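Q: Turn these sequences into a full structure, and let the hints guide you.
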Amino acid sequence: MLSSRPTYAERIGRRFDSLPLRVKLIILIGSLFIVLTMVSTLIILQQGNRIINERLAETCTISLQHVSQTIKNHLLLYYSAGNDPNTASLHLGHIREAIMSVSNQRIAGLLYAGVIDRSGVIIAHTRPEMLNRRISPADSALFNTLSQTLVRPRDGTLEYVHPLYTRRDDQGERLVFLGDTVLGFSGAVIRQPLRQTRTLIVTTTILMAVIAILFLSYIARRMTLQIDSLSRGVQKLADGDLQTEISIVAHDELGRLAREFNAMIVHLREKLQMQKFVSKLTVQMIRRQAGVETDQPPLGETRQVTVLFSDIRSFSAMTEKLGAAEVVKLLNIYLDLQARLIEKNNGIVDKFIGDQVMALFVDDRQVERAVQAAIDIQRSVRDLNEQRRRRGELGLQVGCGLHIGYVILGHMGSQTRSDYTVIGDVVNLAARLCSVAKPGQIIAPVELLPRLQAKFRTHRLLPVYVKGRRQPVEVLQVDYDTAVARPLRN
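In our numbering, the protein residues as written are 67 to 556.
Source of the hints: derived by calculation from the structure; they are not laboratory data. Model, not experiment: these values are computed from the prediction. There is no bait here: all hints are sound.
Each pair of labels, with its calculated beta carbon distance range:
1. Leu-334 to Val-105: 48 to 54 Å
2. Ala-329 to Asp-547: 51 to 57 Å
3. Arg-535 to Asn-328: 52 to 58 Å
4. Ser-169 to Ser-213: 25 to 31 Å
5. Arg-199 to Ser-97: 58 to 64 Å
6. Val-101 to Ser-252: 32 to 38 Å
7. Leu-450 to Leu-296: 44 to 50 Å
In silico DSSO-like cross-links for lysine-lysine, where the CA-CA straight-line distance does not exceed 27 Å:
8. Lys-337 to Lys-302
9. Lys-302 to Lys-90
10. Lys-410 to Lys-395
11. Lys-521 to Lys-410
12. Lys-410 to Lys-337
13. Lys-504 to Lys-417
14. Lys-417 to Lys-395
15. Lys-504 to Lys-521
16. Lys-533 to Lys-417
17. Lys-395 to Lys-504
18. Lys-533 to Lys-504
19. Lys-417 to Lys-337
20. Lys-387 to Lys-504
21. Lys-337 to Lys-395
22. Lys-410 to Lys-504
Ideal placement from N, C-alpha and C gives every residue a C-beta, glycine not left out.
A: Shown next, in the form of structure tokens:
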């Protein structure tokens, strides 16, 4: 079945998932802030537009009404003059003076002002070229029917037309149309406060967005700095670096997590150091009990193992000539050499008993591996002694004893101090044979001879008496100088 190609949304989602956490925080929180800011800005702009438009309309209307009240009185007298041209001219002059006074008031955005009589003729205007012109029939019909101020845009101009009426009958109920007062305002100037307000709001919004993004970047960096440090620490720990330590840069939950991580590293280092003082069998037992290994061993079991003991000869006498630090240093050189060779041959160092090493071999080729380990120990010790002799340093000799058989393997000790080890006659005999072995010797019971299968050259020794045995023990010595076997492969 062919797998379908991911959709565009899925590809975008995968790219987003691969982004660093810091970038994700900035994108998510920044987007939310920008959306909220844009919505708030739109609301503020709409409200600002409405308020400013209302204020502008109110200002223009008040100016228009103030002018219209003065002109209405002169216009009424102008009509009342009738056929008297002198009187009519006088009042017409007052009307034109009133219009010019409006221009001289320097009202913001005012472009022109004029008066239109009821016949549609411009009888007063701030622009002389407009005097005595007749407006269009459509405008004349519109203006004659106005009952309130008309506001209309006209070629970039906002034109305010205010009708002038007077009452003529005794009850004052009959309205007589006198004409119209016209004020023209520049749309650009009138809307300039609105544009300034809009520019201020938009600029402030952008500035706030920039500041918010910078602040979010700082916060995200502070938040992810500890996470990045934890990530690097975990990676180093996965690579086996137990010397790593995470810097504490936060005091919140992430900071506490970093402190707990550092404490865990310390515990791991301590456990790693403790493993050096615990046998491999004990470590395996602890791992099983901790659930790391699934096969839970019984409390005690019987197993066939090959036990190897190696002991440094005449070491006690040599220690009398050396200081404590030199004794420990010299002893560790030889013990470390033996432990490495035992583990090289798949053996387990069960314990160090003073200057003695006890090792176990438990696989299918345990006898061969144990003998090969003993041979490697004797040869390596001889080579080491030769090197030390050339440097004028002390050398030590090692004797080895080994045996195969069934032992009891189990968790032994008290509730506060215990070990996972083996006991039995096989262990005792291997230790006794090691104690009677001469420097450079490898001794084993003759029962091992059939298991060696001519892979190692041996020769019988005289029977030896060991503690715990009434009868002498038939033993053989492994001749590692003429051994035919090559080092065993794992």
